[in-house]
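S.K.: The primary structure of each chain is shown beneath.
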Amino acid sequence: MMLRILTLLVLLLSPLSPALAQVDYTNTELADPVKEREAKALMDTIRCVVCQGQPISGSNAGLAGDMRALIRERIAAGEEPEAIRAWLISRYGAWVSFKPELHPSSAPLWLIPLIALIAGIVLIRGRFKKRAK
Amino acid sequence: MTRRIWLWVPFAFVAFALAIFGWNLAHPVDRRVPSALVGQQFPSVSLAGALDPASGVDAALLANGQPHLVNVFASWCVPCAAEAPGLTLLQQQGIDIVGIAVHDNVPDLTQFLAQNGNPYSRIGMDYNGRTQIELGSAGVPETFVVDGRGKIVRQHIGVIEPEDIATLIADIRGAQ
Chain A
1 MMLRILTLLV LLLSPLSPAL AQVDYTNTEL ADPVKEREAK ALMDTIRCVV
51 CQGQPISGSN AGLAGDMRAL IRERIAAGEE PEAIRAWLIS RYGAWVSFKP
101 ELHPSSAPLW LIPLIALIAG IVLIRGRFKK RAK
Chain B
134 MTRRIWLWVP FAFVAFALAI FGWNLAHPVD RRVPSALVGQ QFPSVSLAGA
184 LDPASGVDAA LLANGQPHLV NVFASWCVPC AAEAPGLTLL QQQGIDIVGI
234 AVHDNVPDLT QFLAQNGNPY SRIGMDYNGR TQIELGSAGV PETFVVDGRG
284 KIVRQHIGVI EPEDIATLIA DIRGAQ
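In the order they appear, the protein sequences are chains A and B.
For the first sequence, this note's numbering assigns the number 1 to the initial residue and increments by one for each residue that follows.
For the second sequence, this note's numbering assigns the number 134 to the initial residue and increments by one for each residue that follows.
Just so you know, the hints here were simulated from the structure itself, not pulled from any lab data.
Any given hint could turn out to be false.
[To be verified] Computed, partial: chain B to chain A, Cβ under 7 Å: (1) P212; (2) A214; (3) A215; (4) I266; (5) G269.
Using N, Cα and C, we set each Cβ at its ideal position, and we do this for glycine too.
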């Protein structure tokens with residue numbers, strides 16, 4: 001009985017607390033499942049600047065939470081995920097995104113597989129030619 | 134003959150990789166994440182004042198012809214208390230220091246300033262940490278040198294140690 005009254009009291013008082021007056025999207029999903037999925041996909045590819053190896057979707061750091069709230073709010077407002085990514089890159093540099101773009105410092109990342117593939121083809125062709133003889 | 138040269142290729146590759154590993158062990162990677170806004174205009178933020186609502190922090194205010202130090206801090210941040218003497222020293226040199234308090238509240242902040250001194254000409258409240266992201270700041274404390282036209286010329290990440298003070302003064306004197 002006592003517990004029930006307490007629960008009721010907490011439920012009645014919680015909307016009055018100022019922190020809850022506005023929805024805090026740090027750990028609250030968006031009501032629209034499509035937009036939440038969009039936000040989640042973006043959060044999975046934004047790197048936490050505090051814990052570094054983790055995406056912000058799986059980080060307990062305060063700053064990662066702030067970024068999740070920012071992303072959800074902007075997605076809810078209709079902004080494109082890639083525009084939000086670009087905005088975050090304009091603040092923290094390309095480092096903040098797990099989706100590397102092609103620029104001089106990341107060029108080897110894109111070119112090495114290509115070079116390796118070409119080298120492999122050349123090598124195999126050489127072998128086959130030898131065998132044909 | 135050419136075959137023999139090719140045999141050395143894997144060895145050369147491994148030696149090269151080991152050299153890279155060795156070099157990186159001797160030179161640990163810098164884990165700090167600098168703001169991409171260094172060299173650019175201070176973002177247009179507008180924050181309510183902490184102690185005096187009238188004296189908040191506004192980007193337009195930073196472009197008033199005088200250089201400023203913008204210190205991102207918080208009362209809950211232990212290293213921020215450690216850099217308070219450094220900030221006081223800078224303030225005594227006539228440098229205008231603007232504070233941005235991240236995820237803070239007025240009672241805690243008032244207590245923090247009473248304990249550690251208040252070197253700030255104004256303090257803006259960044260209640261939800263949004264301004265910190267806007268600045269590309271990855272933690273507290275961080276200090277930005279902003280020139281008289283409101284351009285960020287340098288970012289100092291971490292506590293202002295006694296040995297950092299001379300460089301900061303030089304930077305701000307050069308940032309009219």
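S.K.: Against each hint, give a clear statement of whether it holds in the structure.
M.R.: Now for the hints, and whether the structure bears them out:
| no. | hint | verdict |
| --- | --- | --- |
| 1 | P212 | violated (14 Å) |
| 2 | A214 | violated (18 Å) |
| 3 | A215 | violated (19 Å) |
| 4 | I266 | holds (6 Å) |
| 5 | G269 | holds (4 Å) |
Checked against the numbered hints given earlier, this structure breaks hints 1, 2, 3; the rest are met.
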